[in-house]
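Start from the sequences and build out the full structure, keeping to the hints where you can.
Read off the chains here:
Protein chains: 2
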Amino acid sequence: MKYMTAPSLRPLERSIQDRLATRGVRFTKGRRAVLSALGAADGPRSAAELYQELGQRVPLSSLYRTLVVLEETGVIDPHHGLRGVMRYELAEWIRGHHHHVVCSSCGAVEDVELDEETEKELARLVDTVASSVGLDPSAHSLEVEGRCRRC
Amino acid sequence: MKYMTAPSLRPLERSIQDRLATRGVRFTKGRRAVLSALGAADGPRSAAELYQELGQRVPLSSLYRTLVVLEETGVIDPHHGLRGVMRYELAEWIRGHHHHVVCSSCGAVEDVELDEETEKELARLVDTVASSVGLDPSAHSLEVEGRCRRC
DNA sequence: TTCCTTGCAAACGATTTGCATTGGA
DNA sequence: TCCAATGCAAATCGTTTGCAAGGAA
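Those protein sequence lines, which keep their order, are chains A and B.
Reading the first sequence from the start, the letters are residues 14 to 164 in our numbering.
Reading the second sequence from the start, the letters are residues 14 to 164 in our numbering.
What the hints contain is simulated information worked out from the structure, not anything from laboratory work.
Take these hints with a grain of salt, some might be off.
It does not matter which identical chain is meant; a pair holds if it fits inside one copy or across any two.
[To be verified] Derived SDA-like pairs: lysine to any residue, alpha-carbon spacing no greater than 20 Å straight-line:
#, residue 1, residue 2
1, Lys133, Ser145
2, Lys133, His153
3, Lys42, Glu84
4, Lys42, Glu26
5, Lys133, Ser154
6, Lys133, Gly159
7, Lys42, Ala60
8, Lys42, Arg78
9, Lys42, Asp128
10, Lys133, Ala143
Shown next, in the form of structure tokens:
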């Protein structure tokens with residue numbers, strides 16, 4: 014189990030661009046900027062956070078539209094975080110499967126990767142829960158909440 | 014106009030009232046109504062849903078204020094659901110610990126209780142995750158997403 | 001050139017708050 | 001009684017959308 018390291022987007026740009034192109038979506042400056050900010054982040058980011066991190070150079074409305082497009086094309090994944098704010102991060106196929114630790118005080122969200130053993134155990138739990146209600150599990154997330162070191 | 018009290022809630026009214034009284038919070042008709050609606054629900058409810066279920070007898074603004082107060086006094090727990098809508102349910106000490114299955118299609122949320130064995134296994138996972146990032150786990154939740162039988 | 005994309009402002013839905021009034025302990 | 005709680009309307013916050021102008025293929 015370890016903190017995730019931000020992957021360099023460079024080697025992935027090609028496959029991302031292809032994915033967009035296939036659907037007639039252009040790989041523009043603004044979209045590149047958003048993706049690179051997400052690539053450098055240590056956890057999911059909201060529109061407002063990205064707006065700040067990009068030096069307000071991408072207007073909020075464009076940012077929201079970019080997030081919609083990138084989600085639709087499967088390049089980023091949405092997360093329903095604290096206080097009903099939507100946060101996004103690079104899709105699993107780019108960033109890998111992981112979980113979140115949420116600080117109940119400051120609301121910060123951090124990525125955590127489980128080791129294979131633990132993740133396998135979790136997968137079994139998920140199957141148990143899902144089958145008990147007759148549901149085909151498409152996704153799961155384990156959220157652990159508590160006060161982080163800074164708070 | 015009388016509000017029905019859910020049977021399961023009745024033996025707890027005293028301790029809830031005490032909890033409120035301790036903090037100078039009154040146990041009013043509207044708050045009783047909200048609690049009884051939550052007591053009768055099979056999953057977390059949003060303000061809008063409660064508004065309907067209470068026959069619009071409690072104005073939305075009062076409802077929101079009630080939810081804030083009840084959360085602050087630890088009588089209900091918030092649940093950050095799909096699409097930026099906040100849902101609430103009776104606190105764990107009233108309702109018992111459980112988890113949620115979310116339908117990725119219709120957004121319905123349903124409570125699931127794990128058997129002791131499974132819950133214990135989950136608790137170990139949570140401890141593993143939390144201690145690895147130096148966080149004192151105050152709460153955890155396992156959310157399983159998928160398409161429900163109706164969808 | 002042809003569409004897709006952007007930027008601005010206005011529109012929106014969910015939630016919050018100011019203020020005068022009501023009501024519970 | 002006295003202060004918390006309510007109801008209404010207006011304000012706010014996060015997010016979406018209409019429309020005219022700009023930009024990538």
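So, going through the hints one by one against the coordinates:
1. Taking CA atoms no more than 20 Å apart as the test, Lys133 paired with Ser145 passes in both settings, with 19 Å inside one copy and 17 Å between copies.
2. Both within a single protomer and between protomers do Lys133 and His153 lie at most 20 Å apart by alpha-carbon distance, with minima of 12 Å and 18 Å respectively.
3. Taking the closest pair of Cα atoms, Lys42 and Glu84 come within 20 Å of each other only inside a single copy of the chain (17 Å); across copies the shortest separation is 44 Å, beyond that limit.
4. With identical chains, the CA atoms of Lys42 and Glu26 are at most 20 Å apart within one copy only, with a shortest distance of 13 Å there and 59 Å across copies.
5. Both within a single protomer and between protomers do Lys133 and Ser154 lie at most 20 Å apart by alpha-carbon distance, with minima of 13 Å and 18 Å respectively.
6. Taking the shortest alpha-carbon separations for Lys133 and Gly159, only the inter-copy value of 19 Å comes in at or below 20 Å, while the best intra-copy value is 24 Å.
7. Taking the closest pair of Cα atoms, Lys42 and Ala60 come within 20 Å of each other only inside a single copy of the chain (17 Å); across copies the shortest separation is 40 Å, beyond that limit.
8. Within a single copy, Lys42 and Arg78 get their C-alpha atoms as close as 14 Å, which meets the 20 Å cut-off; across copies the closest is 44 Å, which misses it.
9. Taking the shortest Cα distances, Lys42 and Asp128 never come within 20 Å of each other, neither inside one copy (36 Å) nor across copies (51 Å).
10. Both within a single protomer and between protomers do Lys133 and Ala143 lie at most 20 Å apart by alpha-carbon distance, with minima of 15 Å and 17 Å respectively.
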